[in-house]
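Trainee: For the record, the sequence lines run as chains A and B. Everything in the first sequence is counted per my numbering, starting at 927 for the first residue and increasing by one. Everything in the second sequence is counted per my numbering, starting at 823 for the first residue and increasing by one.
Calculated from the structure, these hints are not laboratory results. Take the hints with a grain of salt, since some may be wrong.
As the list claims (entries may be wrong) - To spell it out: a stretch of chain A is covered by chain B in this simulated footprint if at least three of its residues, at any positions, have a beta carbon under 8 Å from a beta carbon of chain B; those stretches are:
no.	segment
1	1040-1048
2	1078-1084
3	1094-1101
Unchecked claim - Straight-line distance between alpha carbons at most 30 Å, and here's what the computed DSSO-like set of lysine-lysine pairs gives:
no.	chain 1	residue 1	chain 2	residue 2
4	B	Lys851	A	Lys1165
5	A	Lys1133	A	Lys1102
6	B	Lys857	B	Lys990
7	B	Lys981	B	Lys839
8	A	Lys1102	A	Lys1114
9	B	Lys980	B	Lys1000
10	A	Lys1133	A	Lys1165
11	B	Lys1029	B	Lys1000
12	B	Lys839	A	Lys1165
13	B	Lys981	A	Lys1102
14	B	Lys1029	A	Lys1165
15	B	Lys1029	B	Lys1042
16	A	Lys1165	B	Lys1000
17	B	Lys990	A	Lys1102
18	B	Lys1042	A	Lys1102
19	A	Lys1102	B	Lys855
Bear in mind that the values here come from a model prediction, so they are computed numbers and not experimental data. We treat Cβ as the ideally placed atom computed from N, Cα and C, and that holds for glycine.
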Amino acid sequence: MTHLTTETRMADLENLRALSRDLRMRIIENSHRTGTPHLGSCLSCADILTAAYFEFLRIDPGNPRALGRDRFILSKGHAAPALFQILAMRGFFPDEWLADYGQNGSLFAEHPPTPHQLAGIEAATGSLGHGLPMGLGMALAGRIQQEPSRVVVLLGDGECNEGSIWEAAMLASAQKVSNLCVVIDFNKWQATGRSREIMALDPLAEKWRAFGWDTHEVDGHDMAATLAALNRFAEGRGKPVAIVAHTVKGSGVSFMEDDNNWHYKIPSAGEVEAARAELGVRR
Amino acid sequence: MRNAFADEVTRLAQRDKRVVLLSGDIGNKLFDKLKDVGERHFLNCGIAEANMIGVASGMALCGLRPIVYTIAPFTTTRCFEQIRVDACYHNAPVIIVGTGSGLSYAELGATHHSLEDLAILRTLPGMTVVAPCDVTELREALSAALELDGPVYIRIGKKGEPPVHAGKIDFRFGRAIKVREGRDVALLVAGTIAPEALAAREILLEKGISAEVASFHTIKPLDTLYLDAAAGRFRLLVTLEEHGRIGGFGSAVAEWRANSGCNVPQLILGTADRFMHIIGDQVFARAEFGLTGEQVAESVIVALGS
Chain A
927 MTHLTTETRM
937 ADLENLRALS
947 RDLRMRIIEN
957 SHRTGTPHLG
967 SCLSCADILT
977 AAYFEFLRID
987 PGNPRALGRD
997 RFILSKGHAA
1007 PALFQILAMR
1017 GFFPDEWLAD
1027 YGQNGSLFAE
1037 HPPTPHQLAG
1047 IEAATGSLGH
1057 GLPMGLGMAL
1067 AGRIQQEPSR
1077 VVVLLGDGEC
1087 NEGSIWEAAM
1097 LASAQKVSNL
1107 CVVIDFNKWQ
1117 ATGRSREIMA
1127 LDPLAEKWRA
1137 FGWDTHEVDG
1147 HDMAATLAAL
1157 NRFAEGRGKP
1167 VAIVAHTVKG
1177 SGVSFMEDDN
1187 NWHYKIPSAG
1197 EVEAARAELG
1207 VRR
Chain B
823 MRNAFADEVT
833 RLAQRDKRVV
843 LLSGDIGNKL
853 FDKLKDVGER
863 HFLNCGIAEA
873 NMIGVASGMA
883 LCGLRPIVYT
893 IAPFTTTRCF
903 EQIRVDACYH
913 NAPVIIVGTG
923 SGLSYAELGA
933 THHSLEDLAI
943 LRTLPGMTVV
953 APCDVTELRE
963 ALSAALELDG
973 PVYIRIGKKG
983 EPPVHAGKID
993 FRFGRAIKVR
1003 EGRDVALLVA
1013 GTIAPEALAA
1023 REILLEKGIS
1033 AEVASFHTIK
1043 PLDTLYLDAA
1053 AGRFRLLVTL
1063 EEHGRIGGFG
1073 SAVAEWRANS
1083 GCNVPQLILG
1093 TADRFMHIIG
1103 DQVFARAEFG
1113 LTGEQVAESV
1123 IVALGS
């Protein structure tokens, strides 16, 4: 708790936890209603998204393209169903916009559209390994233009298979880019199996350290710890910051947790209600 | 052409704070004067082209005007998906420059040949594809690219390319420039192989064939106004490029012909559908693919005779 800002008091933490439960419920309901997959991937980063959007990021939904704003890039673009919900919760657009989710002609589906199409989105991701290079470019632009922007890029552990992630990691380190932070949603799974078995991912934190990043491991479902790590980044470490967030795929719903079937599975009406009961979120 | 490129970028950076040159670890001394303008104008991104395109796109989305520079195959085919997604899908105003394009680096082997770049990049929505024929066009193209609100690819040569234009030119993307007048045949040329077209024109003149030479510095968008007019004026349209015959400038003109109903025949001159497994200089490599002025003239004569 040493790095927790004074504003982030216990009551605020409780409020953030309630928001992340709401976010989880919205994601699950939306998956059921629209048949959108990647539920497990969305739930594993729900607490990180809540910490970022409701506490850390200096962004203004009323002026979403403000110069010098912080930027958040969901590099694991397949968790867009979570991003769309939190942007709506944060007021970037009204909930009604999500009514046509997944239908022909909608902006909302499985991956984020471009920033030109939807304010609040900073990069159209979906092809893995793109968000970090683009975020690095934004961080460098902030430095060149002497703007206070901080850039947070959320990576998947599976996404760390991509070579472009490590290309960006080396350049960011060489350039001592201190306004760039990656959070790795380390849920230990990728589409078809355990991420540490498919590629030699371990030791993941050691890899980021070896690439010259100021690296910390946190429980990615511990709101206080996640915020503390983000706030520590904001103090400026003189180098880029990597937060390896240990998470559980499908986190928050017992029958989804650590079950990789929920990478693609769509919940039934009964499963939605069971999840609602567990999360304690009212209809 | 490389020196003119570095000189022009330096000049642009002096008046435009947005300009940043991203190098893929080449041009060590080439950009010293640019670095003198200010640290903010130069970034060596290392030998990591996929990342370099992403970084450039992120910068462009924040209001900078990045110019990405490395050897043509490495800044095009190597990182095509990053160009597609990061630059084009986001309509990010990134200027991608491929140096040593075509057969400029013939002696370095096929890894360094760039005979597919025009083909693949013109498939991308929103991408402007440019092949200046000389340094005059290159300087104009860079200024014009900075005014454009989307991605641009510019392929350039190496050094010592002869000038094609004697004086000032009227340069606009998508508008070909007539270099020599002619009546019988139109020699439409894209890029630094233009001098071979001029040489071919002289040989054809001796045989009583009058050839117009036009520099199609922009492959996309294509100058259909010129082509529509040319359709009624010539017996043969010849396209010449230092690039594969599949998918490049010649193909773009063939697509225009198919859609326009033009019934003037077209001769597509470019490199054959094969890798070059022997080495040689650029002149040797052009001859291997039938692209010297003499060979071009011969091909035109054969086409006219049939």
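Trainee: Would you mind marking each hint as holding or not holding in the structure?
Mentor: Against the structure, the hints come out as follows:
1. 1040-1048: holds (count 4)
2. 1078-1084: This one is violated; 0 residues, fewer than the three required, reach chain B with a Cβ under 8 Å.
3. 1094-1101: holds (count 5)
4. Lys851/B to Lys1165/A: Judged against 30 Å, a Cα distance of about 28 Å means the pair holds.
5. Lys1133/A to Lys1102/A: holds (17 Å)
6. Lys857/B to Lys990/B: holds (29 Å)
7. Lys981/B to Lys839/B: Distance of about 28 Å is within 30 Å: holds.
8. Lys1102/A to Lys1114/A: The given pair, whose Cα atoms are some 29 Å apart, holds under the 30 Å limit.
9. Lys980/B to Lys1000/B: holds (24 Å)
10. Lys1133/A to Lys1165/A: holds (15 Å)
11. Lys1029/B to Lys1000/B: Holds. Lys1029/B to Lys1000/B sits at ~22 Å (cutoff 30 Å).
12. Lys839/B to Lys1165/A: holds (25 Å)
13. Lys981/B to Lys1102/A: Violated: Lys981/B and Lys1102/A sit about 35 Å apart, past 30 Å.
14. Lys1029/B to Lys1165/A: violated (69 Å)
15. Lys1029/B to Lys1042/B: Not satisfied, since the Cα-Cα distance of roughly 34 Å exceeds 30 Å.
16. Lys1165/A to Lys1000/B: Given that 30 Å is the threshold and the Cα spacing comes to 54 Å, the pair is violated.
17. Lys990/B to Lys1102/A: Violated. Lys990/B to Lys1102/A sits at ~45 Å, over the 30 Å cutoff.
18. Lys1042/B to Lys1102/A: Roughly 39 Å between the alpha carbons, so the hint for Lys1042/B and Lys1102/A is violated.
19. Lys1102/A to Lys855/B: Satisfied, since the Cα-Cα distance of roughly 24 Å is no more than 30 Å.
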